[in-house]
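2 protein chains.
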Amino acid sequence: MQVNGTPYRCIWLEADQRSVGIIDQTKLPHSFETVTLRTLHDAIIAISDMLVRGAPLIGATAAYGVCLGLSGLSDKNTDTCLETICASLIAARPTAVNLRWAVERMRSLLINLPPEKRVQAAYQEAARICDEDVQINESIGEHGLQLIQERYAATGDTVHILTHCNAGWLATVDWGTALSPIFKAQQADIPVHVWVDETRPRNQGAHLTAWELASAGIAHHLIVDNSGGHLMQQGKVDLCIVGTDRTTCTGDVCNKIGTYLKALAAADNDIPFYVALPSSTIDWTLEDGAEIPIEERDQEEVLLVSGLSERDEMHQVQQVRIAPEQTRAANPAFDVTPARLVSGLITERGICAPNKESLLSLFPEHRE
Amino acid sequence: MQVNGTPYRCIWLEADQRSVGIIDQTKLPHSFETVTLRTLHDAIIAISDMLVRGAPLIGATAAYGVCLGLSGLSDKNTDTCLETICASLIAARPTAVNLRWAVERMRSLLINLPPEKRVQAAYQEAARICDEDVQINESIGEHGLQLIQERYAATGDTVHILTHCNAGWLATVDWGTALSPIFKAQQADIPVHVWVDETRPRNQGAHLTAWELASAGIAHHLIVDNSGGHLMQQGKVDLCIVGTDRTTCTGDVCNKIGTYLKALAAADNDIPFYVALPSSTIDWTLEDGAEIPIEERDQEEVLLVSGLSERDEMHQVQQVRIAPEQTRAANPAFDVTPARLVSGLITERGICAPNKESLLSLFPEHRE
Chain A
0 MQVNGTPYRC IWLEADQRSV GIIDQTKLPH SFETVTLRTL HDAIIAISDM LVRGAPLIGA
60 TAAYGVCLGL SGLSDKNTDT CLETICASLI AARPTAVNLR WAVERMRSLL INLPPEKRVQ
120 AAYQEAARIC DEDVQINESI GEHGLQLIQE RYAATGDTVH ILTHCNAGWL ATVDWGTALS
180 PIFKAQQADI PVHVWVDETR PRNQGAHLTA WELASAGIAH HLIVDNSGGH LMQQGKVDLC
240 IVGTDRTTCT GDVCNKIGTY LKALAAADND IPFYVALPSS TIDWTLEDGA EIPIEERDQE
300 EVLLVSGLSE RDEMHQVQQV RIAPEQTRAA NPAFDVTPAR LVSGLITERG ICAPNKESLL
360 SLFPEHRE
Chain B
0 MQVNGTPYRC IWLEADQRSV GIIDQTKLPH SFETVTLRTL HDAIIAISDM LVRGAPLIGA
60 TAAYGVCLGL SGLSDKNTDT CLETICASLI AARPTAVNLR WAVERMRSLL INLPPEKRVQ
120 AAYQEAARIC DEDVQINESI GEHGLQLIQE RYAATGDTVH ILTHCNAGWL ATVDWGTALS
180 PIFKAQQADI PVHVWVDETR PRNQGAHLTA WELASAGIAH HLIVDNSGGH LMQQGKVDLC
240 IVGTDRTTCT GDVCNKIGTY LKALAAADND IPFYVALPSS TIDWTLEDGA EIPIEERDQE
300 EVLLVSGLSE RDEMHQVQQV RIAPEQTRAA NPAFDVTPAR LVSGLITERG ICAPNKESLL
360 SLFPEHRE
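From first to last, the protein sequence lines stand for chains A and B. Positions 0 to 367 (numbering that gives the first Met the number 0) are the ones given, in order, by the first sequence. Positions 0 to 367 (numbering that gives the first Met the number 0) are the ones given, in order, by the second sequence.
Careful, some of the hints might be misleading.
Computed Cβ-Cβ distance ranges for the label pairs, DEER-style [stated by the list, open to error]:
| # | chain 1 | residue 1 | chain 2 | residue 2 | range |
| --- | --- | --- | --- | --- | --- |
| 1 | B | 40 | A | 218 | 36 to 44 Å |
| 2 | A | 315 | B | 78 | 54 to 62 Å |
| 3 | A | 47 | B | 297 | 51 to 59 Å |
| 4 | B | 33 | A | 218 | 38 to 46 Å |
| 5 | B | 284 | A | 2 | 29 to 37 Å |
Here are some chain A residues the structure puts well away from chain B; computed CB gaps all over 12 Å [as the list claims (entries may be wrong)]:
| # | residue |
| --- | --- |
| 6 | 103 |
| 7 | 114 |
| 8 | 116 |
| 9 | 163 |
| 10 | 259 |
| 11 | 278 |
| 12 | 320 |
| 13 | 331 |
Quick caveat, the hints were computed from the structure, so don't treat them as lab data. Source: prediction; values computed, not measured. Heads up, the beta-carbon is just placed ideally off N, CA and C, and yes, glycines get one too.
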């Protein structure tokens with residue numbers, strides 16, 4: 000996607016062909032800054048401190064993290080080193096299955112190569128993961144576009160889409176998952192308007208989704224996470240599309256905290272609720288979403304809100320404390336939306352019902 | 000309730016027996032400040048700018064607003080003046096039925112008195128409204144306490160209660176509605192723990208409910224509005240109690256935006272969802288909650304978040320902008336939870352099912 004006229008992906012190999020560039024997403028929407036990752040540690044911090052976030056981008060960053068880890072080893076490039084690098088990356092965020100998927104893909108390829116060939120092969124594979132992600136997300140966009148087209152064909156009116164968190168191009172290498180159909184709709188000249196959940200506590204909706212849509216010139220309104228149910232009751236939402244960090248092979252969807260509440264409201268108001276995902280997000284080993292470990296993050300994410308100071312000339316990004324000094328907070332980062340509340344899954348191979356048989360019909364290679 | 004050892008109500012007659020004191024709730028939790036209302040305009044601004052908020056307290060403030068309006072008239076105390084004063088107060092917040100109820104109670108009493116007796120009678124009636132509110136809320140607390148006691152008797156364990164927005168003593172003259180049973184449980188030595196929804200956009204949970212609970216020494220955690228559903232799925236919520244700004248005689252509950260989402264989650268997880276309300280909040284003229292006008296407030300409430308600066312020595316309350324400059328916001332302030340999602344209504348005369356017949360059995364004076 001373009002940023003101020005320059006095409007960007009969310010992750011790229013720098014000119015030295017060794018270090019890795021990313022957009023520091025903690026600085027958006029108030030400032031667009033890039034950061035260079037030079038070590039395994041840089042990659043782990045970029046993931047755990049959420050300079051990069053979004054399941055597919057976490058996976059891509061972890062793949063390059065393996066590269067940085069291996070290239071930093073110089074001469075002691077043993078299998079144990081590779082395993083240690085992989086384990087430390089997987090530990091950076093417990094919920095995202097793409098992280099595990101990408102690292103495992105790197106590990107299983109590299110472990111079978113002689114140590115001296117691993118660095119070069121790692122960089123090639125990480126680049127392949129990125130290119131594939133772009134293709135996959137564009138396919139998701141094309142499949143999801145059909146849902147928007149159908150609605151537009153039926154009403155001839157602007158299609159109002161609600162999304163939660165950020166599953167835009169910033170969550171991936173490019174295009175995004177949940178927002179990819181919306182970018183495609185814009186290209187197809189279908190009038191769309193997006194209700195953007197701010198997505199407390201980290202406000203990825205307000206910071207990232209709103210920024211993506213504003214940058215692309217797509218009509219949108221920011222809303223608090225409390226508003227979606229009311230807007231659905233009022234008939235102001237035609238379609239919900241969200242992303243996911245991990246989806247079980249039975250269609251239970253783990254996504255940013257609060258997704259479940261919107262899915263309940265969509266079901267209560269007969270509004271289609273779709274989840275857009277690359278198949279790397281599917282956990283073929285899990286049948287029950289309740290088994291997904293839910294990351295409990297630092298309470299300061301709830302107690303402090305970050306934004307641009309409104310005071311006089313300062314206009315700097317800063318944090319304000321919203322609660323009394325004595326108050327503690329709980330901060331579960333994800334919830335699980337049961338498959339019964341999901342209308343369908345938008346994958347790179349098409350849209351399917353949220354159940355194992357439908358998923359396997361699109362991805363037969365996962366049949367035993 | 001006590002604040003730093005001094006007993007306070009949320010509204011009181013000042014020593015001059017004419018002006019009216021309130022707590023400026025926009026300054027909490029970071030600063031406890033009182034404000035003196037001297038004119039009708041002061042009262043209207045206090046209501047519309049939410050220095051006072053909460054349905055019962057808005058009603059009490061409006062009653063004193065009538066007093067201030069009449070006492071400011073000097074010699075032209077006509078019926079038209081009284082009607083104008085009442086209409087301007089009712090216009091200050093469109094959703095709260097207590098506002099209309101309190102103003103109508105004042106108007107219907109005063110219109111039948113000779114003009115020269117109206118000022119004194121108005122102050123007497125406003126004081127009576129306040130005293131009654133305190134009694135009513137204490138009764139709500141005693142009835143609601145039974146629900147907490149029953150749960151505690153069944154499990155012998157801490158009772159975990161989720162609440163949305165602020166329906167504590169700051170929302171009333173004293174005691175509160177939804178929090179009144181919790182204060183009563185504390186007095187009865189029942190261990191309780193409260194999940195406090197922060198309640199975006201104005202963060203009344205983070206600012207007011209957390210402050211009330213912290214001041215009273217009641218165990219609580221602040222959570223983002225997105226978290227309640229997940230906590231319910233995890234079995235971490237025993238009971239939900241919220242307040243309401245207007246409830247139809249059929250049991251549809253209009254309350255702070257986001258209440259509907261929590262009620263959906265409670266129903267989906269078989270968790271009791273109760274609404275605490277003084278009967279003045281019941282709109283006996285409305286059968287369908289969908290007819291309640293929903294106030295759309297300024298988008299800046301969504302785009303800006305207020306809190307205590309974390310920067311160096313400043314530690315002042317300030318606002319930060321959370322979205323890109325170009326992004327606009329929508330800000331509906333309330334939603335309607337249909338009666339089918341409500342387990343019961345906790346009133347000053349007892350707990351009843353959310354339907355007309357049950358309400359009329361408690362309040363038979365409203366039968367035609």
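Those earlier numbered hints the structure runs against, lowest number first: As far as the earlier hints go, 3, 5, 9, 10, 12, 13 are violated by this structure, in ascending order.
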